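K.L.:
Sequence:
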Amino acid sequence: MIKYGVEGKKYLFRKNATQRSIQLVSLISLLISLYFGSFISFASWKGVFVLGILAGCYALPVFPKKRNLRNLGILKIIIVSLVWSGTTVVLPVIEAHIEISWDVWIELLQRFLIILVLMIPFEIRDLNYDPKELHTVPQRIGIRNTRIGGIFLCFLCFFMTFLKDDLSTIEIFNKTLIALSLAALMIFMPKEQSKYFSSFWVEAFPIFWVLFLWGSLSIIKVSL
Numbered sequence: 108m109i110k111y112g113v114e115g116k117k118y119l120f121r122k123n124a125t126q127r128s129i130q131l132v133s134l135i136s137l138l139i140s141l142y143f144g145s146f147i148s149f150a151s152w153k154g155v156f157v158l159g160i161l162a163g164c165y166a167l168p169v170f171p172k173k174r175n176l177r178n179l180g181i182l183k184i185i186i187v188s189l190v191w192s193g194t195t196v197v198l199p200v201i202e203a204h205i206e207i208s209w210d211v212w213i214e215l216l217q218r219f220l221i222i223l224v225l226m227i228p229f230e231i232r233d234l235n236y237d238p239k240e241l242h243t244v245p246q247r248i249g250i251r252n253t254r255i256g257g258i259f260l261c262f263l264c265f266f267m268t269f270l271k272d273d274l275s276t277i278e279i280f281n282k283t284l285i286a287l288s289l290a291a292l293m294i295f296m297p298k299e300q301s302k303y304f305s306s307f308w309v310e311a312f313p314i315f316w317v318l319f320l321w322g323s324l325s326i327i328k329v330s331l
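Heads up: the sequence shown begins at 108 in the working numbering, then just goes up one per residue.
Treat the hints as calculated values from the structure; they're not laboratory data.
Take the hints with a grain of salt, since some may be wrong.
Cβ pair distances, simulated, as ranges [stated by the list, open to error]:
| # | residue 1 | residue 2 | range |
| --- | --- | --- | --- |
| 1 | Glu206 | Lys239 | 45 to 53 angstroms |
| 2 | Phe280 | Glu240 | 40 to 48 angstroms |
| 3 | Arg127 | Ile207 | 39 to 47 angstroms |
| 4 | Gly249 | Tyr303 | 22 to 30 angstroms |
| 5 | Leu138 | Phe266 | 38 to 46 angstroms |
| 6 | His242 | Leu287 | 29 to 37 angstroms |
Straight line, CA to CA, 30 angstroms or less: simulated DSBU-like cross-link-like pairs of lysine-lysine [stated by the list, open to error]:
| # | residue 1 | residue 2 |
| --- | --- | --- |
| 7 | Lys271 | Lys153 |
| 8 | Lys153 | Lys183 |
| 9 | Lys298 | Lys239 |
| 10 | Lys183 | Lys271 |
| 11 | Lys298 | Lys183 |
| 12 | Lys239 | Lys183 |
| 13 | Lys183 | Lys302 |
| 14 | Lys239 | Lys302 |
Because the structure is a prediction, the values reported are computed rather than measured.
Beta carbons: idealized from backbone N, C-alpha and C, even for Gly.
The task is simple: from the sequences and hints, build the whole structure.
P.N.:
Written as structure tokens, this is what we have:
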């Protein structure tokens, strides 16, 4: 629902089927979130509050001239990456009462880079529709250089794995899978994307990683 915050009145008061579906899904998601939120600690709620403020600033017009972070070009993808990496790394660590160690900081930075790369297909897809004043990454440096930058971030993320104090074979395998699949995405991603290329296939990348890793671990356990 947050992406529609800038057009809140439109989605609250109009009555077509699509908007009613968005309202229903948002309401159900809110209720589920509140239910599970009742089980987490106050420290985690403080983290949720900070990340929620960032997410709100992404869509809501909180700056002069009714601007939001979504309209500030490269800052947009940085904020999205911060929120996602904070939600998937920092919040679980806080809730598990684990010390934020060197390895956690490395994992946080790796997750930040992964989200940045995953956003590149969306930035390229929207290149023909984004106003020039947004100054998105492809608008600033071009599609080719954006792809090259994405590939660089993939391998930077991979090699950062070896900076961890506690490193396992599974960790190396997992980061290798992520780096190679994202690099392949950068290389073979079409400039003119099909309707569901980013909205489905790119969004589903983390699901593919989990399934592939789960299958590989199952095979390893059976072989042992």
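K.L.:
Of all the hints given earlier, name the ones this structure violates by number, lowest first.
P.N.:
Structure breaks no hint.
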